[in-house]
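Peer 1: Sequence:
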Amino acid sequence: MLLLAAAREELGELDGEVVGVGPVVAAAHTAAILAKDRPDFVVLLGTAGAYDGGPPIGSAIASTKVGLSYGVAAMGLGYVPRAPAPVRCDEGLLRRLDIPKHNVLTTGAITTDLTLAERIADGYTVEHLEAFGVAIACHFAGVPFVAVLGISNEVGPEAHTQWLTHRDAAQEAARRAFRPLMESKS
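Using the working numbering, read the sequence shown as starting at 1 and increasing by one per residue.
Simulated from the structure, these hints should not be mistaken for laboratory data. Honestly, I wouldn't trust all of these hints.
To be verified - Label-pair ranges, simulated between beta-carbon atoms:
1) Asp40 with Asp122: 21 to 27 Å
2) Thr115 with Glu13: 19 to 25 Å
3) Arg176 with Ile110: 21 to 27 Å
4) Glu172 with Arg38: 26 to 32 Å
5) Leu114 with Gly92: 21 to 27 Å
6) Pro56 with Gly123: 16 to 22 Å
7) Thr112 with Ala28: 23 to 29 Å
8) Ala73 with Thr165: 30 to 36 Å
9) Pro180 with Val72: 36 to 42 Å
10) Ala109 with Gly12: 37 to 43 Å
In this text, a Cβ means the ideal position worked out from N, Cα and C, and glycines have one as well.
Let the sequences and hints guide you as you build the complete structure.
Peer 2: The structure is reproduced here in structure tokens:
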């Protein structure tokens, strides 16, 4: 098993690797780590935001699929000729996690505009900046993947303030929820 997080603080006392912030940096670091160490599976831990109607602050979720959104395209200000398909998370790992399952959307920046959030959320309930980068690197390497995320904020204008207030509790919720996967650590 390989445990990853965007920042060291998200790992707490757990052993793992830091992939950095944002989808491109996370994808590149994950690909390099996977080329060096061929784990049985990968778990991404972190904090995330909930779209309207998504999971409550303080809860932990597991990702069922991870997609990527380009905000400029959602707002009609640009287009993406060949957007990558969402990555499905490993069913076996999901069965071992006794937490709610949600579709996770990766964006290039934290969404603070409610109109944009409504346009991009289509079928997604959680936003996380690194999930797609890690998921696509795992997909290309043929390594099973799941994200376990603590909800620290609602997506929108108060996201940063809420994240500052709730990040520690959200990080701890994700670490607690991840524990069943440690039983098969390799």
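Peer 1: Would you mind marking each hint as holding or not holding in the structure?
Peer 2: Verification of the supplied hints:
Separated by about 33 Å at the C-beta atoms, Asp40 and Asp122 break the suggested range of 21 to 27 Å. The given range of 19 to 25 Å is broken by Thr115 and Glu13, whose C-beta atoms sit roughly 40 Å from each other. With their beta carbons about 24 Å apart, Arg176 and Ile110 fall inside the hinted range of 21 to 27 Å. The hinted range of 26 to 32 Å is satisfied by Glu172 and Arg38, whose Cβ atoms lie roughly 30 Å apart.
Distance hint check: the CB atoms of Leu114 and Gly92 are about 37 Å apart, inconsistent with the given range 21 to 27 Å. In this structure, Pro56 and Gly123 meet the distance hint of 16 to 22 Å, their C-beta atoms being roughly 19 Å apart. At about 26 Å, the beta-carbon gap between Thr112 and Ala28 stays in the expected band of 23 to 29 Å. Taking 30 to 36 Å as the suggested C-beta distance range, the pair Ala73 and Thr165 conforms, at roughly 32 Å.
Taking 36 to 42 Å as the suggested C-beta distance range, the pair Pro180 and Val72 conforms, at roughly 39 Å. Separation of Ala109 from Gly12 is about 26 Å and departs from the stated range, judged on CB atoms against 37 to 43 Å.
Against the hints set out earlier in the document, violations occur for numbers 1, 2, 5, 10.
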